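Chains as they are written, first to last, in the working numbering: chain A, 1 to 115; chain B, 1001 to 1113.
If you are wondering where the hints come from, they were derived from the structure by calculation, not from laboratory data. Computed from a predicted model, the values in this text were never measured in an experiment. No residue lacks a Cβ here, since even glycine has one placed at the ideal position from N, Cα and C. Where hints are given, some of them may not hold.
Simulated restraints, written as ranges between beta carbons of each label pair [to be verified]:
#	chain 1	residue 1	chain 2	residue 2	range
1	B	Gly1040	A	Glu56	25 to 31 Å
2	B	Thr1108	A	His10	40 to 46 Å
3	A	Val115	B	Gln1093	25 to 31 Å
4	A	His26	B	Ala1052	31 to 37 Å
5	B	Asn1005	A	Glu52	34 to 40 Å
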Amino acid sequence: ETGVTQTPRHLVMGMTNKKSLKCEQHLGHNAMYWYKQSAKKPLELMFVYSLEERVENNSVPSRFSPECPNSSHLFLHLHTLQPEDSALYLCASSQGNSRQPYGYTFGSGTRLTVV
Amino acid sequence: GQQLNQSPQSMFIQEGEDVSMNCTSSSIFNTWLWYKQDPGEGPVLLIALYKAGELTSNGRLTAQFGITRKDSFLNISASIPSDVGIYFCAGQQLTGANSKLTFGKGITLSVRP
């Protein structure tokens, strides 16, 4: 248990479905992240939230919609996805500042399959 | 954009052997991190390096922050079957209140009993 919990662990959805991924961190961190991990590719940063404000959106299609209601929770709302969106979606959190950066703590991920 | 290079993509070793992995970049980083990802799980931090030239150990793992700040290596000694997994390097730069991580593609390590 890393302190970052993601649910569900596995999700199969049709292209017309709407679903949400949930991430919760119990570490008191001030930043949260969504990453996409596809086979044979580097981890792709999707969104960054710092103190509940979105500070980065890496050209992610609008069918992915993040939400950060407070510093402990992060959601990724999904709708009308494509089969190529099938991947492992990882949430991470960190407590960084300009003097001493720290690494990220990752959740176990949600394995998403779009059919 | 920034890239971290890890190669080869896969490594196969015999149980008990030592293995070394390298990570290089054309950019300078202030922090180097090594993560391991077990199948079906998220990456877990193994070692963090904060100073050029720093050599840090964590059990059978040893990592070094290159003097040029553009590379790092991870060494695993006396490998065991549970060392199997994907090993990622990551570089971190200071960018104000939040420091972004740049990840390598990872090296998949297999250990033959």
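Verification of the hints:
1. Gly1040(B) / Glu56(A): 25 to 31 Å: The hint (25 to 31 Å, Cβ to Cβ) holds, given that Gly1040(B) and Glu56(A) are roughly 27 Å apart.
2. Thr1108(B) / His10(A): 40 to 46 Å: violated (22 Å)
3. Val115(A) / Gln1093(B): 25 to 31 Å: violated (39 Å)
4. His26(A) / Ala1052(B): 31 to 37 Å: Since His26(A) and Ala1052(B) have Cβ atoms about 34 Å apart, the given range 31 to 37 Å holds.
5. Asn1005(B) / Glu52(A): 34 to 40 Å: holds (35 Å)
Hints 2 and 3 from the earlier list are contradicted by this structure; the remaining hints agree with it.
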